[in-house]
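Chains as they are written, first to last, in UniProt numbering: chain A, 1 to 252; chain H, 1 to 292; chain S, 1 to 294.
What the hints contain is simulated information worked out from the structure, not anything from laboratory work.
Small disclaimer: the values here were computed from a predicted structure and weren't measured.
Treat each hint with caution, since some may be false.
With a straight-line Cα cutoff of 30 Å, these simulated DSS-like cross-link-like pairs (lysine-lysine) come out [what the hints assert, rightly or not]:
#, chain 1, residue 1, chain 2, residue 2
1, A, Lys119, S, Lys195
2, A, Lys149, S, Lys290
3, A, Lys67, H, Lys14
4, S, Lys98, S, Lys195
5, A, Lys149, S, Lys195
6, H, Lys14, S, Lys195
7, A, Lys212, A, Lys186
8, A, Lys140, S, Lys5
9, H, Lys112, A, Lys67
10, H, Lys112, S, Lys13
11, A, Lys191, A, Lys249
12, S, Lys290, A, Lys67
13, A, Lys23, S, Lys5
14, H, Lys22, A, Lys112
15, A, Lys119, A, Lys137
16, S, Lys195, S, Lys290
17, H, Lys22, S, Lys5
18, S, Lys195, A, Lys112
19, A, Lys28, A, Lys149
20, A, Lys112, H, Lys112
21, H, Lys112, S, Lys61
22, S, Lys290, H, Lys46
23, S, Lys98, H, Lys12
24, A, Lys119, H, Lys46
25, A, Lys137, A, Lys149
26, A, Lys67, A, Lys137
27, A, Lys212, A, Lys249
28, A, Lys140, A, Lys67
29, H, Lys14, S, Lys13
30, A, Lys23, A, Lys187
31, H, Lys112, S, Lys5
32, H, Lys12, S, Lys13
33, H, Lys22, S, Lys13
34, A, Lys212, A, Lys140
35, H, Lys112, A, Lys119
36, A, Lys28, A, Lys119
37, A, Lys112, H, Lys14
38, A, Lys149, A, Lys212
39, A, Lys186, A, Lys196
40, A, Lys28, A, Lys67
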Amino acid sequence: MYNNDIIRIENLHVTTATQVILKDINLKIPRNRITVILGPSGCGKTTLLKCLNRLTDLHPQLQVSGKVWIDDEDIFQPNVDVIAVRKKMGLLSQRPYPLPMSIYQNVAYGLKMQGIADKHTIRERVQHYLEEVGLWKEVKDRLHSPASKLSIGQQQRLCLARGLAVQPEIILADEPTSALDPISSKKIEEKFLELKSDYTLVLVTHILRQAKRLADHVIFMYLGEVIEQGTPQEIFEHPQTTILREYLKSGH
Amino acid sequence: MKYIPHLLRSRKRKILEENIMKSIMAITTYSIILVFIYLILVISWKGIPALSWEMISEIPSGGFYFGKEGGILNAIIGSIYLSVGATFLSLLISIPIALYLNIHLLHHNRIKGGIRYLLDILWGIPSILYGAFGFILMIVFHLQASLLAGIITLALLITPIIIRAFDEALQGIPEGLLEASYAMGLTRNQIAFHIFVRQAMPGLITATLIGFGRAIGDAASVLFTTGYTDHIPTSLDDPTASLPLAIFFQLSSPIPEVRERAYAAAFILTLIILAISLLIRLCTSRLSKYQI
Amino acid sequence: MNREKWIEILSEKWMLLATLLMCMLPLSMGIGLLIESMPLLQQYRLGSLIRNSAWSPAEGKFGMISFIVGTLWVTGLSLCMAAPVSLLVSIYVTQYAKPWLMRTIHIVMDILAGIPSVVYGVWGVLVIVPWISQKLAPTFGYSSSGYCILSGGLVLAVMSIPYILHLQIEIFRTIPIELKEVSLSLGATYWETIKHVLLRQARRGIIASVGLGISKALGETIAVLMVVGNVPQIPENIFQAGYPLPALIANNYGEMMSVPHYLSALMFASLILFLIICLFNSVSHWIIYKINRI
């Protein structure tokens with residue numbers, strides 16, 4: 001039987017040579033829910049997200065200690081298959097970063113990397129996931145033009161489709177709407193609400209109202225520490241700490 | 001997560017491919033370093049035994065190509081005259097141009113871009129063509145192969161190099177400094193020479209050293225324009241020897257003692273270049289401490 | 001008017017004048033070379049000058065083709081070696097290597113780029129030439145003096161590597177790290193990320209760097225001149241001597257005044273070189289300019 005918490009973090013510390021970025025993080029993230037990590041910018045939200053699929057490996061100056069359990073596997077053990085871990089997680093970053101390829105290839109890339117060679121399967125899946133993010137109708141006539149030609153909002157949805165195509169279990173989203181216009185933001189948010197029946201979503205944001213709209217579970221961070229966590233009701237209606245009360249009052 | 005056997009196999013192949021490529025790249029990287037060490041060793045191996053007091057304090061006797069006696073003092077002094085003169089002359093042109101680009105033309109992006117584009121093209125023109133152009137100038141102005149012609153040609157050659165290096169340093173100056181200086185009521189001339197030059201001093205010194213290094217090492221441009229002689233020049237009209245040409249001419253001599261002079265000159269030239277790189281490193285780390 | 005004002009005007013005029021002079025330089029170079037090669041061009045047809053292989057200034061034969069072919073051979077050989085090597089090294093130091101190796105490569109690159117051409121020539125004469133004549137050529141069943149286009153190509157490759165490498169390291173450095181993150185989180189290995197994403201993102205920059213490498217190699221004179229053999233012939237294999245254009249120009253500066261049209265022929269050779277190099281240069285810089293604007 002599956003544990004109900006898909007991610008568990010124990011005593012996670014992240015430091016550079018001169019400063020502490022994350023301090024003693026202990027967290028549980030529930031399966032098939034939207035978990036929102038809330039906090040002012042610079043509080044370590046993004047770093048926390050990068051720890052979850054070991055993108056911290058790309059930054060040699062970061063030292064990580066502690067345990068991150070994903071599906072009961074500690075991903076910071078040296079013998080862990082990093083690629084398998086990363087495959088479980090789709091990433092949506094602040095700005096869309098389309099790969100330097102066509103729209104079609106952007107979605108097909110992850111499938112090819114997984115060893116799927118059958119052209120027909122790839123075609124079907126590309127269409128399926130582009131439909132799923134509501135982009136198919138807009139791009140079906142120019143699938144082979146460069147992805148960078150799309151608008152920012154379209155690019156972000158393309159990035160979502162690309163992430164979904166490799167069938168992850170978890171979607172990590174790092175302020176995914178911060179570069180978007182209100183309409184595109186709304187489309188992404190609606191998509192998130194649909195997705196949570198099949199996926200676990202971890203959403204980093206500093207927009208309070210977005211957190212209120214989407215969250216099933218809220219984690220409030222400040223200066224590298226988790227200050228409070230709980231249901232939206234607990235966090236937004238009955239804040240326990242002064243820091244959180246101040247933050248809710250100022251609204252950003 | 002379940003693995004299908006053929007996926008697992010392709011996984012292993014991927015990791016194997018990565019490891020093979022990584023080793024190839026590592027080997028290539030280390031071989032570059034080895035080739036560098038080998039080059040320095042060969043030049044020192046031949047050059048150090050050839051060095052003596054006589055070598056660096058005497059001019060060759062009996063002709064630089066056949067005479068067994070004497071040293072390369074003519075080439076050392078000639079090279080110093082040529083490169084100091086060329087660097088000085090070039091600074092007179094390149095400092096104003098770089099400042100003009102970064103102060104007067106700061107907001108004229110198209111003109112600025114066009115000039116930089118032209119300078120980049122000049123930067124890529126090889127020294128042999130500067131030599132040929134210098135030769136044409138000599139024909140036009142009825143000059144003989146001389147120290148002066150060499151200085152002018154070398155100055156033309158290193159000007160784009162100095163401008164680019166100095167320009168890069170100036171581009172790093174925040175725009176706010178220019179605005180603040182205007183606000184203090186300074187003229188553009190004062191801003192340029194009192195504030196910008198001081199602010200970009202490490203860049204200017206680096207640029208000068210790079211230009212000097214290019215000037216002292218270049219053979220193809222002085223081949224046409226300075227001639228070669230056994231003597232130390234006494235005026236700007238005299239032909240002049242230089243270290244690169246001392247190497248080039250004397251290496252092909254059938255007489256071993258003459259070839260020794262080429263090895264010694266190559267070693268001295270390499271030492272000068274190494275010293276310049278070291279100086280550049282020192283300058284950039286020392287002087288940048290005082291910048292904002 | 002006060003003194004300050006005068007200085008202001010004077011310095012401004014000087015700046016403008018210097019800038020204009022410098023901007024005129026490429027054009028005046030081209031025109032100067034064209035004027036000096038006119039006597040030859042009036043006497044002979046352009047096509048026959050370029051197509052003929054007979055070179056004998058004393059008899060009035062100025063066929064350029066063996067020099068052009070020699071230039072292409074040496075440049076091609078050197079680029080075939082230098083371009084892949086620099087690409088491998090630039091990927092390794094920017095993506096895999098520890099910081100100390102990156103620093104070391106930077107120092108090595110700076111010094112190698114500063115070492116004068118003539119010193120590379122000495123190294124080539126002492127190391128490459130004997131190696132080719134004694135080891136490499138016999139292995140392949142050729143006999144060679146060692147002064148051949150392969151030596152020229154090898155020496156030129158060693159000289160071009162720091163130059164191309166410098167440009168390529170800059171290109172790989174400016175690729176945003178997020179692009180790597182995206183590819184990795186889609187389940188690609190690090191090498192696949194480099195192969196499919198980074199190389200694709202950098203491809204125009206790589207083309208430009210190779211273009212600049214070519215124009216650098218085309219004009220390199222002294223080092224090549226010292227090892228390439230300098231026989232005006234069309235080489236049949238890489239162990240034969242060749243005679244590139246820059247070597248032709250540099251090698252005959254002494255005697256050109258005594259033979260009619262000789263000077264003009266050398267200036268014509270310079271003009272060909274000038275045009276080819278400016279072409280490669282301006283296209284490569286144009287590509288770089290385009291990349292930086294995006």
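The hints, checked one at a time:
Proximity of lysine 119 of chain A to lysine 195 of chain S is assessed by CA-CA distance (about 21 Å); at most 30 Å being required, the pair is judged to hold. Pair hint lysine 149 of chain A plus lysine 290 of chain S holds up; C-alpha atoms about 16 Å apart against a cutoff of 30 Å. For the hint pairing lysine 67 of chain A with lysine 14 of chain H, the CA-to-CA distance comes to about 28 Å; that is within 30 Å, so the pair holds. For the suggested pair lysine 98 of chain S and lysine 195 of chain S, the alpha carbons sit about 20 Å apart, so the restraint of at most 30 Å is met.
Simply put, lysine 149 of chain A and lysine 195 of chain S have alpha-carbon atoms about 23 Å apart, close enough for the 30 Å limit, and the pair holds. Distance hint between lysine 14 of chain H and lysine 195 of chain S is fulfilled; the C-alpha atoms sit about 12 Å from each other, no more than 30 Å. With a C-alpha separation of about 14 Å, the suggested pairing of lysine 212 of chain A with lysine 186 of chain A holds against the 30 Å cut-off. For a cut-off of 30 Å, the pair hint linking lysine 140 of chain A to lysine 5 of chain S is broken: about 66 Å separates their Cα positions.
This hinted pair does not check out: lysine 112 of chain H and lysine 67 of chain A have alpha carbons roughly 54 Å apart, beyond 30 Å. Restraint check for lysine 112 of chain H and lysine 13 of chain S: the C-alpha separation of about 17 Å stays at or below 30 Å, so the hint holds. Distance hint between lysine 191 of chain A and lysine 249 of chain A is fulfilled; the C-alpha atoms sit about 29 Å from each other, no more than 30 Å. For the proposed pair lysine 290 of chain S and lysine 67 of chain A, the alpha carbon gap of about 46 Å is over 30 Å, so the pair is violated.
Distance hint between lysine 23 of chain A and lysine 5 of chain S is unfulfilled; the C-alpha atoms sit about 62 Å from each other, more than 30 Å. For the hint linking lysine 22 of chain H to lysine 112 of chain A, the alpha-carbon distance of about 22 Å falls within 30 Å, and the restraint holds. Of the supplied pair hints, the one linking lysine 119 of chain A and lysine 137 of chain A holds, its CA atoms being roughly 21 Å apart against a limit of 30 Å. The suggested pairing of lysine 195 of chain S with lysine 290 of chain S holds, with an alpha-carbon distance near 23 Å, which does not exceed 30 Å.
For the suggested pair lysine 22 of chain H and lysine 5 of chain S, the alpha carbons sit about 63 Å apart, so the restraint of at most 30 Å is broken. This hinted pair checks out: lysine 195 of chain S and lysine 112 of chain A have alpha carbons roughly 13 Å apart, not beyond 30 Å. With a C-alpha separation of about 40 Å, the suggested pairing of lysine 28 of chain A with lysine 149 of chain A is violated against the 30 Å cut-off. Taking the CA atoms of lysine 112 of chain A and lysine 112 of chain H, the gap is near 46 Å; set against the 30 Å cutoff, the hint is violated.
Distance hint between lysine 112 of chain H and lysine 61 of chain S is unfulfilled; the C-alpha atoms sit about 46 Å from each other, more than 30 Å. Between the alpha carbons of lysine 290 of chain S and lysine 46 of chain H the distance comes to roughly 47 Å, so the proposed pair goes past 30 Å and is violated. For the hint pairing lysine 98 of chain S with lysine 12 of chain H, the CA-to-CA distance comes to about 25 Å; that is within 30 Å, so the pair holds. Between lysine 119 of chain A and lysine 46 of chain H, the direct Cα distance comes to roughly 63 Å. Violation of the 30 Å bound is thereby established for this hinted pair.
Distance check on the hinted pair: lysine 137 of chain A and lysine 149 of chain A sit about 16 Å apart at the alpha-carbon level, within 30 Å; holds. A distance of roughly 43 Å separates the Cα atoms of lysine 67 of chain A and lysine 137 of chain A; the hinted pair therefore is violated under the 30 Å criterion. In summary, the hint linking lysine 212 of chain A to lysine 249 of chain A is supported, as the alpha carbons are separated by about 14 Å, within the 30 Å threshold. Pair hint lysine 140 of chain A plus lysine 67 of chain A does not hold up; C-alpha atoms about 44 Å apart against a cutoff of 30 Å.
Restraint check for lysine 14 of chain H and lysine 13 of chain S: not satisfied, since their Cα atoms lie roughly 64 Å apart, outside the 30 Å limit. Between lysine 23 of chain A and lysine 187 of chain A the alpha-carbon distance is near 35 Å, which puts this suggested pair outside the 30 Å criterion. A distance of roughly 25 Å separates the Cα atoms of lysine 112 of chain H and lysine 5 of chain S; the hinted pair therefore holds under the 30 Å criterion. The straight-line distance between the Cα atoms of lysine 12 of chain H and lysine 13 of chain S is roughly 69 Å, outside the 30 Å bound, and the hint therefore fails.
Distance hint between lysine 22 of chain H and lysine 13 of chain S is unfulfilled; the C-alpha atoms sit about 56 Å from each other, more than 30 Å. Annotation: proposed proximity of lysine 212 of chain A to lysine 140 of chain A is violated, straight-line Cα distance about 35 Å (limit 30 Å). With a C-alpha separation of about 50 Å, the suggested pairing of lysine 112 of chain H with lysine 119 of chain A is violated against the 30 Å cut-off. Taking the CA atoms of lysine 28 of chain A and lysine 119 of chain A, the gap is about 40 Å. The hint is violated against a cut of 30 Å.
At most 30 Å may separate the alpha-carbon atoms for a hinted pair to count; lysine 112 of chain A and lysine 14 of chain H meet this at roughly 12 Å. With a C-alpha separation of about 33 Å, the suggested pair lysine 149 of chain A and lysine 212 of chain A falls outside the 30 Å cut-off, and the hint is violated. This hinted pair checks out: lysine 186 of chain A and lysine 196 of chain A have alpha carbons roughly 16 Å apart, not beyond 30 Å. With a CA separation close to 12 Å, the supplied pair lysine 28 of chain A and lysine 67 of chain A stays within the 30 Å bound.
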